[in-house]
Amino acid sequence: MAVPILTDNLSKTYKLPGKQTRKALDGLSIEVPEGVIFGFLGPNGAGKTTTIKILLDFIRPTSGTASLFGQSTDNPAVRRLVGYLPEQPYFHKFLKPTELLSLHASLCGIPSRAVKSAVTTALERVAMTHYADTPIGKLSKGLTQRVGIAQALVGNPKLLILDEPTSGLDPIGRRHVRDLLIELKREGHTIFLSSHLLSEVENLCDIVAVIKNGSLVAFGPPEQIRNATTYIRVYTQTAEIDCLERLRFLGVQIEQQTDRMIFRVEPEKAYELFRALEQLGLQLLRVETERESLEEAFLRLAA
Amino acid sequence: MGRRIVLFISTYLSAIAAPCWAHHAHDPEELGHHWEIAAYHNEIRFQMAAIATVFAAYLIVVRLAKTLRKWFSYKC
Amino acid sequence: MKSVWVIARLSILENSRKQVFHVLCLIMLAVIAGSTLLSIFTEGVKIKMLKDLCMTCILFAGAVLSIGLASTGIPNDIDSRVVYPILARPIARWHYVFGKFLGTAATVALAIAALSVVFCALIYCHQGHIDSFLATAALFAMLEAAVISAVAITLSTFTSTAVAALLSFMVYLFGTIKIGYLSKVLEKSPNSIAKTCGTVLYHVLPNLECFNLKAALVHGNSVPISYLLLVFSYGVCYTAFAVGAAALIFRGREV
Numbered sequence: 001m002a003v004p005i006l007t008d009n010l011s012k013t014y015k016l017p018g019k020q021t022r023k024a025l026d027g028l029s030i031e032v033p034e035g036v037i038f039g040f041l042g043p044n045g046a047g048k049t050t051t052i053k054i055l056l057d058f059i060r061p062t063s064g065t066a067s068l069f070g071q072s073t074d075n076p077a078v079r080r081l082v083g084y085l086p087e088q089p090y091f092h093k094f095l096k097p098t099e100l101l102s103l104h105a106s107l108c109g110i111p112s113r114a115v116k117s118a119v120t121t122a123l124e125r126v127a128m129t130h131y132a133d134t135p136i137g138k139l140s141k142g143l144t145q146r147v148g149i150a151q152a153l154v155g156n157p158k159l160l161i162l163d164e165p166t167s168g169l170d171p172i173g174r175r176h177v178r179d180l181l182i183e184l185k186r187e188g189h190t191i192f193l194s195s196h197l198l199s200e201v202e203n204l205c206d207i208v209a210v211i212k213n214g215s216l217v218a219f220g221p222p223e224q225i226r227n228a229t230t231y232i233r234v235y236t237q238t239a240e241i242d243c244l245e246r247l248r249f250l251g252v253q254i255e256q257q258t259d260r261m262i263f264r265v266e267p268e269k270a271y272e273l274f275r276a277l278e279q280l281g282l283q284l285l286r287v288e289t290e291r292e293s294l295e296e297a298f299l300r301l302a303a
Numbered sequence: 001m002g003r004r005i006v007l008f009i010s011t012y013l014s015a016i017a018a019p020c021w022a023h024h025a026h027d028p029e030e031l032g033h034h035w036e037i038a039a040y041h042n043e044i045r046f047q048m049a050a051i052a053t054v055f056a057a058y059l060i061v062v063r064l065a066k067t068l069r070k071w072f073s074y075k076c
Numbered sequence: 001m002k003s004v005w006v007i008a009r010l011s012i013l014e015n016s017r018k019q020v021f022h023v024l025c026l027i028m029l030a031v032i033a034g035s036t037l038l039s040i041f042t043e044g045v046k047i048k049m050l051k052d053l054c055m056t057c058i059l060f061a062g063a064v065l066s067i068g069l070a071s072t073g074i075p076n077d078i079d080s081r082v083v084y085p086i087l088a089r090p091i092a093r094w095h096y097v098f099g100k101f102l103g104t105a106a107t108v109a110l111a112i113a114a115l116s117v118v119f120c121a122l123i124y125c126h127q128g129h130i131d132s133f134l135a136t137a138a139l140f141a142m143l144e145a146a147v148i149s150a151v152a153i154t155l156s157t158f159t160s161t162a163v164a165a166l167l168s169f170m171v172y173l174f175g176t177i178k179i180g181y182l183s184k185v186l187e188k189s190p191n192s193i194a195k196t197c198g199t200v201l202y203h204v205l206p207n208l209e210c211f212n213l214k215a216a217l218v219h220g221n222s223v224p225i226s227y228l229l230l231v232f233s234y235g236v237c238y239t240a241f242a243v244g245a246a247a248l249i250f251r252g253r254e255v
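Chains as they are written, first to last, in the numbering used here: chain V, 1 to 303; chain Z, 1 to 76; chain Y, 1 to 255.
These aren't lab readings, by the way, just hints derived from the structure by calculation.
There could be a bad hint or two in this list.
[Stated by the list, open to error] With a straight-line Cα cutoff of 30 Å, these simulated DSS-like cross-link-like pairs (lysine-lysine) come out:
#  : chain 1 : residue 1 : chain 2 : residue 2
1  : V       : K116      : V       : K138
2  : V       : K96       : Y       : K18
3  : Y       : K18       : V       : K116
4  : V       : K138      : Y       : K48
5  : Y       : K18       : Y       : K2
6  : Y       : K214      : Y       : K184
7  : Y       : K2        : V       : K116
8  : V       : K141      : V       : K158
9  : V       : K96       : V       : K185
10 : V       : K93       : Y       : K2
11 : V       : K116      : V       : K96
12 : V       : K96       : V       : K158
13 : V       : K138      : V       : K23
14 : V       : K116      : V       : K185
15 : V       : K96       : V       : K23
16 : V       : K158      : Y       : K2
17 : V       : K96       : V       : K138
18 : V       : K141      : V       : K93
19 : Y       : K214      : Y       : K46
20 : V       : K15       : V       : K212
21 : V       : K19       : V       : K212
22 : Y       : K18       : Y       : K184
23 : V       : K141      : Y       : K18
24 : V       : K212      : V       : K185
25 : Y       : K2        : Z       : K66
26 : V       : K116      : V       : K93
27 : Y       : K214      : Y       : K48
28 : Y       : K2        : V       : K96
29 : V       : K93       : Y       : K18
30 : V       : K158      : V       : K185
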């Protein structure tokens, strides 16, 4: 089967009032393999929502192509394989979760006799059976978000496009969604996850794409995105500032705290640092290694 | 800006439409029952013919575009 | 096609919760209250005036509801973002537009039917028997409402709610007077460019007056069946054409 999501040199330019334009996407090419959780990261205005909108045919690209399971995104039939959770989902407030899900099940083409079981299954998966008959307008933001996730799960789609799925959820709800996503991945679903919660993406995603100003700046597994360089952190007793200036030539980052000094250096320069500290007569308190987190990598890439 | 445009359009169109009510109010007999007036029959028939023509033209253009697209993709 | 019915059903549920229906109740109450004042006239005049009042109300309510519901339906769905989960489903854009139109037209038809039943009862109270032609007149009022709804939906696919409502109202206004008034204005126009543009506009505007059977109901005139069939076909054709145009425009629209 063709890859769930493939974009090739995708560009989108919005026309603004007057003769101004704004480039939201600039030659974006990504490939999302089957059965993975794909993290889609980028600062606000980077083009994440624009990409999702193109994938779902809400808007059309200015140039380039996008396909879902090898079919053009403008083919409505391909969306039978897709479940979508918009960012801050809005639904008709007068509908009850069961009514909303029944409606979406019918729109998915599920036969009338199977609608009820599809709705029940989706509600059970997000632990919303207690609120099945409460109008959506009376539900909290977190519960509405869960209804949104249930709505995306109706019809058991192969690809889930989730825009900030844990937004508005409490830690328990967030944990529940995380477990659900892992379970869905195990079942063979492909998940396209756009999120600002980097720790969540780091723990969940198999592949991450970072975009900035509409262009791809990093793509690969989280461990590949994170800087491969491991730093050595050395803690010592406090020292005079002027004698520390001698260490600058090593490219050492120095942080002075009230009761200690922290020196941060690349591993290959560690030996020279230790020698210099010995010459300065500084007593070592602790030595540790440090790895870049995805959040730090994101800040570095998106800055 | 949008509100100003709406206000302008509504004022302009209302100005055009205003005299018609006076006309309608003072001259109802002139119109008679519309099912007896030929202009109504003619206009209905004309518009239905126009709709049919536009629809047929649309179908022809769509079919033509499809054929040309196929032909070009085959050539390429 | 199942998705069209699903969206139509949702649209009916949505429309029935809108405040615009309060207008309907007010109209009903106003007519019922107004009918008591007609007792100062002689019996024949009273019945005629009552029928005139009822039909005017039905036509007016049909137009107001059609414009109010149809011009706000799609833009509101886009503004409130409820359209996204729906369009993310395996449905074509025309399914959505057609469903929205069917839902709106059905809501207005139900409202007209409710008004007709109330007014029928009112006329029965005054007249002593039911006038069956009221049903025919109400049916054609529904058809007129369907045409207005279709035009309003077409306009709402590329403009904002306010502009769509305003333009729909203008279409209703000019569509009602086009043969009696606009044709005469065009004949007298000295400017050839204005005349040409006006003529094109004249032929594009729906002929809404032909759906108005108030005079036949009030005066008890008979309307030829052939004319009724012609008008019915015209209403269906114009509505289908306008909804088709709306679907075509919405297909190309970015949401």
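For each hint, the structure was consulted:
| no. | hint | verdict |
| --- | --- | --- |
| 1 | K116(V) - K138(V) | 23 Å, holds |
| 2 | K96(V) - K18(Y) | 18 Å, holds |
| 3 | K18(Y) - K116(V) | 29 Å, holds |
| 4 | K138(V) - K48(Y) | 50 Å, violated |
| 5 | K18(Y) - K2(Y) | 25 Å, holds |
| 6 | K214(Y) - K184(Y) | 24 Å, holds |
| 7 | K2(Y) - K116(V) | 17 Å, holds |
| 8 | K141(V) - K158(V) | 27 Å, holds |
| 9 | K96(V) - K185(V) | 28 Å, holds |
| 10 | K93(V) - K2(Y) | 23 Å, holds |
| 11 | K116(V) - K96(V) | 14 Å, holds |
| 12 | K96(V) - K158(V) | 26 Å, holds |
| 13 | K138(V) - K23(V) | 39 Å, violated |
| 14 | K116(V) - K185(V) | 24 Å, holds |
| 15 | K96(V) - K23(V) | 40 Å, violated |
| 16 | K158(V) - K2(Y) | 22 Å, holds |
| 17 | K96(V) - K138(V) | 9 Å, holds |
| 18 | K141(V) - K93(V) | 12 Å, holds |
| 19 | K214(Y) - K46(Y) | 15 Å, holds |
| 20 | K15(V) - K212(V) | 20 Å, holds |
| 21 | K19(V) - K212(V) | 24 Å, holds |
| 22 | K18(Y) - K184(Y) | 40 Å, violated |
| 23 | K141(V) - K18(Y) | 24 Å, holds |
| 24 | K212(V) - K185(V) | 27 Å, holds |
| 25 | K2(Y) - K66(Z) | 27 Å, holds |
| 26 | K116(V) - K93(V) | 21 Å, holds |
| 27 | K214(Y) - K48(Y) | 10 Å, holds |
| 28 | K2(Y) - K96(V) | 21 Å, holds |
| 29 | K93(V) - K18(Y) | 13 Å, holds |
| 30 | K158(V) - K185(V) | 10 Å, holds |
Hints 4, 13, 15 and 22 from the list above are not met by this structure, while the remaining hints are.
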